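> Could you put together the complete structure from these sequences and hints?
Going down the list, the sequences are from chains F and L.
Here the first sequence stands for residues 606 to 1126, where the numbers follow the working numbering.
Here the second sequence stands for residues 7 to 170, where the numbers follow the working numbering.
Please keep in mind that the hints were generated in silico from the structure rather than gathered at the bench.
From a predicted model like this one, the values you see are computed outputs, not experimental measurements.
Keep in mind that the hints are not guaranteed to be accurate.
[Said to hold, decoys possible] Simulated DEER-style distance windows between Cβ atoms: (1) F:D825 <-> L:S122: 23 to 29 angstroms; (2) F:N898 <-> L:P155: 37 to 43 angstroms; (3) F:S943 <-> L:K150: 47 to 53 angstroms.
[Unchecked claim] Now the stretches of chain L that chain F is said to cover, found in silico as 3 or more residues with beta-carbon under 8 angstroms: (4) 34-47; (5) 112-126; (6) 142-155; (7) 158-166.
No residue lacks a Cβ here, since even glycine has one placed at the ideal position from N, Cα and C.
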Amino acid sequence: MNPRTVEDVIKDFKGRRAAIIKALTKEFEELYILCDPNHPNLCLYGFPNQVWEVNLPGLSGELPEPRVGINFARDVMTRHEWLRMVSVYSDSWLASIASYFATKFSFDKADRKRLSNKINDVPLIWEVVGGKAKKRVKIKGGCLPEEILDEEVLSRLPVRDLLNYRCVCKTWRSLIDDLKFVSIHLKKYKNNSEESHLLVMSRSPRSSIGNEQVLVRRGDTFRKVQQVQNSYAFDTWICYVNGVILVKRGGFRCLEVVLWNPSIARSLSIPKSMLKAMKDATYVELGLGYEFNSNDYKVVAIIYPHAEFIRSSLGKRYCAIVPGLVLVYTLSNDSWTSNLGVSPPPYWSVGKQLYMKGAIHWINFGPKGTNDLLHLPEDSYVVLFDVKDEVFRYFELPFVMKSNFVPQEKLPTILNGSFAIFCAYDHEARHDIWVMNEYGVPESWSKCYTFTLQFDKLLHFKSNGELFYAIHGKGIKSYDINTKRVKDLAKTYSRYSKCRIYTYVESLVLLKEGKLQRPNL
Amino acid sequence: MASSSSSSLSRVVVKSSDNNLFVVNKKVASQSQLLKQCIDNMEEKGTNDVILIPLSNVTSNILTLVLEYCEKHADFADDDNNNQELKQWDHEFLKKFDYATLNSLTMAADYMVTKSLLNLCCQFIADSIKDLTVQQIRQIFDIKNDFTPQEEADIKNENAWAFR
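And the structure:
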């Protein structure tokens, strides 16, 4: 029975709408499977009795047909995009059916108006399934959906403003404290993506340990932007991930592990329950990584309880006498777990770590496996700790880098989003940069840059290809590997100075978990 | 409804919520993921008809602006060198609008999945609410302070260094 009055049309409209909403929300999995792109062109039908169906076109009879072929697009877009697309099509299909009835039953102007008012009273399907039916937020006389304000606008503000705006109202406070918002902000905040600022820690030759100055400086001019309250000495900084510095105090004897976010002055001392195992060990390597699926941070402790220290022209290494073990601290649980099934490589070279793509990377030298140590060849390779699965993985290096004699120093780094290695040669000012063009595929290694540059200390390698370095008596400079331009940044640097540079990241990580660092601790 | 004899899909027709029709060439339409998807679907089916895409959420005024943006960006689509010029244009483009228009444009960009326009609008709005006092923010967003004076003082205290 076809409807005849405005009320009938609305009833028909609402029934179909309910059916489609069901298909796009509660029963979305089923819809998704039915819309196999290998089938011929399918349509999503919603019927007045609130039943939906996926079928070939032609079921509507005299009525307008829904969008044909929704299944074709399923696998070429994300689920979310596809869902949005289908809901937009469904909205316009329902509108066309209503206007078909209005014409067919010759509704007059008043009736047509009443009909369209009633239709506009209910949110679009697109709004419902996309969560956009939420309230709109007033802004300077206009209004925006709350979701856009949160995820797209507030997430582009500096942390200083966000900390400030936490006392606007309760809603804003809980929004800014929300862990999901913290991760969105990390991605969207412009200064983070443009890597425009540097975090520079330095100590002049005359200052004592613990008197390091930490500044945020502009990446282009090196001009000071702000000073950062610092309580941690130079050699306690292990690495810097998503705005958080991993700090290991106590030198050899690992006495305290701290996570510190300088941009919001929050720090968290990690529980000491496992510290005894670390204190008594010959060597402890700590690493920090981010796990994006669970939006969580993990500290891995690679512990060699009893190992032999080897110092040679190859650098510093430890060779396990007793097999090493692995402990993992998870921020969300604030606790350590020991990972008995996983063992670190038998040799561990002391060197810088790099976090990217859900794994912590080190360059290591030695045999990879634990069996048959004597017969395995010694190679340089990349060892990774997968933050999600908590296992070690390995990347082969290109042949010329495998032997550890040439090049002398290998620094894991990121270049334009790819994993790369900066190579320095002994007694030579020549440097190479090898790039793993396809992450995880050893065949894709290629030597992308070779250049000559004299320096005493390499300070930082920025992912756009800008190198920060220091020369005794001449100061701090930067070199762009693409344009080959050299920039003078600071006039003074002596080899007795200490300096470290990172690309500064503003983030709200640890806002909830960390404690505020009071000035002048 | 419009039907045409053109042999390939070089143009689509987009209908605004107030029932105005806009003829858009394919390259321009492709700046919107939503329109692009519609076109791709039709091409896969091998249809020769000009397709009509109804946008029940976007008024003619706003659609005109979105299409103006898409047209400009389609011109630059194959050309990275003119980035600076395009950035300048983007800035001038947005500067003209009041908040109500800017907000509608933002929502239209979200609906039509035109990511670069959405980013542009949101960055523009974000820049305009940077560095303000809490009082100013409450005024702009018409928000009532639901903290007690003590609670507000405590929150301020937590981050004393952030307050000017």
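> Please go over all the hints and tell whether each is borne out by the structure.
Hints versus structure:
1. F:D825 <-> L:S122: 23 to 29 angstroms: Between D825 (chain F) and S122 (chain L), where Cβ atoms are some 25 angstroms apart, the hint holds.
2. F:N898 <-> L:P155: 37 to 43 angstroms: Roughly 42 angstroms apart at Cβ, these two residues keep to the hinted range, so it holds.
3. F:S943 <-> L:K150: 47 to 53 angstroms: holds, 51 angstroms
4. 34-47: holds (count 5)
5. 112-126: holds (count 7)
6. 142-155: holds (count 10)
7. 158-166: holds (count 5)
Violated hints for the displayed structure: none, as all numbered hints are satisfied.
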